[in-house]
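Based on the sequences and whatever the hints tell you, model everything.
Counting from 1, position 94 in the sequence shown corresponds to residue 94 in the UniProt record's numbering; the numbering is continuous, with no gaps.
Hints may be right or wrong, so weigh each one.
[What the hints assert, rightly or not] No farther apart than 25 Å at their CA atoms in a straight line, the calculated lysine-lysine pairs in the DSS-like style are these:
1) LYS29 - LYS67
2) LYS159 - LYS108
3) LYS108 - LYS29
[Said to hold, decoys possible] The following label-pair restraints were derived from C-beta to C-beta distances:
4) ALA166 - ILE72: 41 to 47 Å
5) GLY130 - GLY74: 53 to 59 Å
6) ARG180 - ARG279: 20 to 26 Å
7) SER147 - GLN273: 24 to 30 Å
8) GLY238 - LYS218: 47 to 53 Å
9) GLY245 - GLY130: 16 to 22 Å
10) ASP184 - VAL77: 52 to 58 Å
11) GLU155 - GLY48: 33 to 39 Å
12) MET145 - ASP170: 33 to 39 Å
Simulated from the structure, these hints should not be mistaken for laboratory data. We put the CB at the ideal spot given by N, CA and C, even for glycine.
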Amino acid sequence: MFCIKCGREAIRGMVFCEECYSQSEPFAKLQQSFVFSTCPSCGRFREGQHWVEVGDRIEYVYSAVRKSLETIPGTSVLSFELSGFREDQNSFPLHVSFETRNSGVTRKEEGEVNVRVQRNTCPTCSRRSGHYFESTIQIRALGRMRSELMADAEEFVRKLCADTAAREPDFFVSSIRSTRGGVDMTLSSSSAGYSIARSAAHHFGTGVVATRSLYGQKDGRNIYRTTYLLRVPMLAAGDYVEYAGAHYRVSDTSGGVVLEPLSGGRRMHLPFQDLERVRFIGGREMETQLTVKSSTGGRITVVDMSTMTEEVLRYGRAVRNGESIRAVRLGERLYPL
1 MFCIKCGREA IRGMVFCEEC YSQSEPFAKL QQSFVFSTCP SCGRFREGQH
51 WVEVGDRIEY VYSAVRKSLE TIPGTSVLSF ELSGFREDQN SFPLHVSFET
101 RNSGVTRKEE GEVNVRVQRN TCPTCSRRSG HYFESTIQIR ALGRMRSELM
151 ADAEEFVRKL CADTAAREPD FFVSSIRSTR GGVDMTLSSS SAGYSIARSA
201 AHHFGTGVVA TRSLYGQKDG RNIYRTTYLL RVPMLAAGDY VEYAGAHYRV
251 SDTSGGVVLE PLSGGRRMHL PFQDLERVRF IGGREMETQL TVKSSTGGRI
301 TVVDMSTMTE EVLRYGRAVR NGESIRAVRL GERLYPL
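Right, dumping it as structure tokens:
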């Protein structure tokens, strides 16, 4: 068969020779103009009704241009190169070069496409700048305020918020404010606030009290803001407390408060409803070192070297004379540890 255009031998199965086929309609067409919308605050790009994280913004634009390339059947793209992105301009041309092959014929194309980058604040950043919030977590002390434990509680809730923001890009902490009784944290989402409050309550072994207040209306529906009250026990492992007339050492506070009786017996996991009945006495600073003077029949005589006073204690394990043991004095009683 011969080429219908020049009369030379045609490509097998076609009506053109290689030269005429290479000069015919292009194997691929590229969209000539592109408009992108990006948020100047967070850097996300808009895709339809959503704003998405893109990582490398230049590669994101280049990828969108590549995806717009349309080829005729039987065409393979051998190479595709882009250059010319301008970070400092909102509108600029990109230089494009690509090579395609079809029916054994290779064609190289070069040209430019126009790119426009619009900078529009996304809804999330707009709400953030307006201090928008749907829920408040109130962290309050259960028991006598201890600033170091309140700081630990705040840090734990902050971490829960950071983990939530990593999973949900539209979530943010609107404000954090220290109050006389603790810390208030306002959050952009009521549902996320509930999840964070419940996770924190489980960690601290306490409960959550939720209250709602009418904020306004939207599309005929009432809009509410929710406050989650989180009462955190002001106790740490190693603290000494009094509960129900007995003395205990706090052995654990993760997932709830666990008390170890100093007079012997089994540990107990304290229900959060009973935490208000716990009286904090002191921490590890109350512990002292004693020296064993003698031991016999499950009893030991110890000496407090700072005061040179002696006392006889029940002690459950064998000790040698001169050995040091730890003890704590609560009220009139000395407890070996």
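Status of each hint after checking the structure:
no. : hint                        : result
1   : LYS29 - LYS67               : holds (11 Å)
2   : LYS159 - LYS108             : violated (54 Å)
3   : LYS108 - LYS29              : holds (12 Å)
4   : ALA166 - ILE72: 41 to 47 Å  : holds (44 Å)
5   : GLY130 - GLY74: 53 to 59 Å  : holds (55 Å)
6   : ARG180 - ARG279: 20 to 26 Å : holds (22 Å)
7   : SER147 - GLN273: 24 to 30 Å : holds (25 Å)
8   : GLY238 - LYS218: 47 to 53 Å : holds (50 Å)
9   : GLY245 - GLY130: 16 to 22 Å : violated (54 Å)
10  : ASP184 - VAL77: 52 to 58 Å  : holds (57 Å)
11  : GLU155 - GLY48: 33 to 39 Å  : holds (38 Å)
12  : MET145 - ASP170: 33 to 39 Å : holds (34 Å)
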